[in-house]
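*Asks:* The residues making up each chain are set out below.
Protein chains: 4
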Amino acid sequence: MDKTAIINFLKKEFPHHEKISIDEVGYRSATLRHRIGKEELRPGGTVAGPVSMLLADVVIYVAILGELGRVPLTVTTSLNINFLRKPSAENDLIARCKLIKVGKTLIVGEVDLYSEGNPELVAHVVGTYAVPSANRK
Amino acid sequence: MDKTAIINFLKKEFPHHEKISIDEVGYRSATLRHRIGKEELRPGGTVAGPVSMLLADVVIYVAILGELGRVPLTVTTSLNINFLRKPSAENDLIARCKLIKVGKTLIVGEVDLYSEGNPELVAHVVGTYAVPSANRK
Amino acid sequence: MDKTAIINFLKKEFPHHEKISIDEVGYRSATLRHRIGKEELRPGGTVAGPVSMLLADVVIYVAILGELGRVPLTVTTSLNINFLRKPSAENDLIARCKLIKVGKTLIVGEVDLYSEGNPELVAHVVGTYAVPSANRK
Amino acid sequence: MDKTAIINFLKKEFPHHEKISIDEVGYRSATLRHRIGKEELRPGGTVAGPVSMLLADVVIYVAILGELGRVPLTVTTSLNINFLRKPSAENDLIARCKLIKVGKTLIVGEVDLYSEGNPELVAHVVGTYAVPSANRK
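Residue numbers (our numbering), protein chains in the order written: chain A, 1 to 137; chain B, 1 to 137; chain C, 1 to 137; chain D, 1 to 137.
No incorrect hints appear here.
List time: in silico SDA-like cross-link candidates among lysine to any residue, alpha-carbon distance up to 20 angstroms: (1) C:12 with D:38; (2) D:98 with D:69; (3) A:12 with B:41; (4) A:104 with C:105; (5) A:104 with C:132; (6) B:86 with A:75; (7) B:11 with B:1; (8) B:38 with A:18; (9) C:11 with C:74; (10) D:38 with D:20; (11) B:104 with D:74; (12) C:12 with C:22; (13) D:12 with D:24; (14) A:19 with B:15.
These stretches of chain B come out as covered by chain C in the derived footprint (C-beta under 8 angstroms, 3 or more residues): (15) 77–86; (16) 118–129.
Calculated Cβ distances over 10 angstroms to all of chain B for the following chain A residues: (17) 2; (18) 6; (19) 26; (20) 28; (21) 29; (22) 68; (23) 69; (24) 99; (25) 103; (26) 116; (27) 120.
If you're looking for bench data, these hints aren't it; they were derived computationally from the structure. Built from N, CA and C at the ideal position, the CB exists for glycine as well.
Start from the sequences, fold in the hints, and give me the full structure.
*Replies:* Following this line, the structure appears as structure tokens:
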């Protein structure tokens with residue numbers, strides 16, 4: 001699937017994620033952003049941790065769509081996140097994923113998260129998806 | 001903080017989490033539930049992974065509030081989730097946390113997630129929070 | 001495989017692990033111990049972290065052998081460890097595993113590690129093994 | 001500490017790790033290698049998982065020594081490893097660490113592991129160390 005096809009697929013299948021948009025889908029990679037507003041903030045002005053987890057989960061899924069095409073039965077089997085710095089409350093949260101393994105049944109993606117305009121990582125994620133064999137190209 | 005104090009604190013600080021409620025706050029433990037509706041479901045009728053991650057993150061936070069009192073600067077430093085089975089689309093998602101370490105700066109919680117009415121785990125989480133020393137009792 | 005068969009299998013396949021012994025193999029569970037001597041200690045008298053990781057990896061493998069029988073091609077796909085307290089330099093390190101998922105291709109085990117004679121956890125592990133379908137009973 | 005000082009420190013403090021050697025210590029980074037012989041292999045000719053875990057743990061420690069100097073009380077608090085491909089039984093295992101967070105109390109390192117001569121990752125690790133404040137420069 002190319003970027004336009006993935007955007008349409010996500011709009012239809014994940015209508016609640018209207019604050020997430022796709023910057024780029026590349027070879028075994030993808031970059032997404034999440035707009036940050038009042039709803040994403042926690043007391044103290046920090047971006048809620050689950051926003052980063054959601055964005056990391058979706059960016060790996062998008063990178064898989066770009067690699068394998070439409071695989072609706074793909075499911076996350078594990079996700080490990082380390083929070084490193086306080087994200088900006090003013091800027092979009094960016095997630096850049098590269099797939100570090102595309103195996104027969106397991107796909108592993110690594111994700112760097114940062115606030116737009118600041119290259120320092122705010123969080124780092126490794127996530128694993130299982131792809132049912134019937135869904136492979 | 002007791003259960004009522006925590007409920008009021010969460011209502012004020014996390015007004016967007018109105019689908020999450022507290023069943024119990026015990027000694028270094030807590031049980032929460034998340035109501036499941038259309039917004040929590042993904043294609044295929046499964047509960048979206050980030051719903052489990054959010055609930056796990058909050059249940060550890062609630063167990064910490066029960067143990068340490070009001071610690072608004074506490075932050076998640078890592079969270080590791082393994083998805084084990086498909087949750088029910090019809091039933092509340094339940095998260096039961098016990099704190100397995102309450103250290104000077106780090107607190108570690110383990111969380112079992114399951115769908116109400118079925119004791120089999122749908123996901124398992126280990127999460128770590130850092131508590132600034134100035135916030136300790 | 002029963003306990004005796006597993007002990008013989010490990011002795012043959014893992015001759016270097018002579019400090020590890022099996023206490024018990026139960027239903028989707030196992031308990032192992034690692035003798036602690038000078039070689040396992042780090043400066044300051046603490047048990048080296050990799051000793052805990054090794055023991056956790058092996059105890060999950062033993063629990064899988066007890067559940068599925070001889071599956072030599074089973075491989076660890078991920079392991080997540082949290083170190084909670086300083087283990088004793090004087091006592092055996094004990095690892096108690098229960099399998100929280102036995103799926104078609106993935107098996108997930110949770111492991112509590114503690115020093116003999118003290119019930120407090122020194123470390124907690126979640127590990128995942130992949131079982132090639134040809135190896136399933 | 002520079003590379004020579006770290007080599008001498010490790011030789012003294014970790015005399016059992018004579019198969020591990022240091023290729024490079026850079027800015028918030030380090031590269032180590034582990035010689036692979038019969039003792040490191042599992043049935044089927046694969047390198048035992050715990051060898052990768054040990055090497056990853058040590059390479060993060062070396063990168064911390066290069067950044068902070070001698071910090072003998074530093075302890076691993078968590079380590080998450082994903083095994084991606086079968087390592088070579090014939091070649092050294094290489095681990096390249098970069099520190100992605102150097103905080104007041106927590107240091108997080110990311111490690112790429114591969115077999116010499118093949119750039120594809122065989123495993124990927126994220127590990128966290130806690131540094132007692134008294135030990136900071």
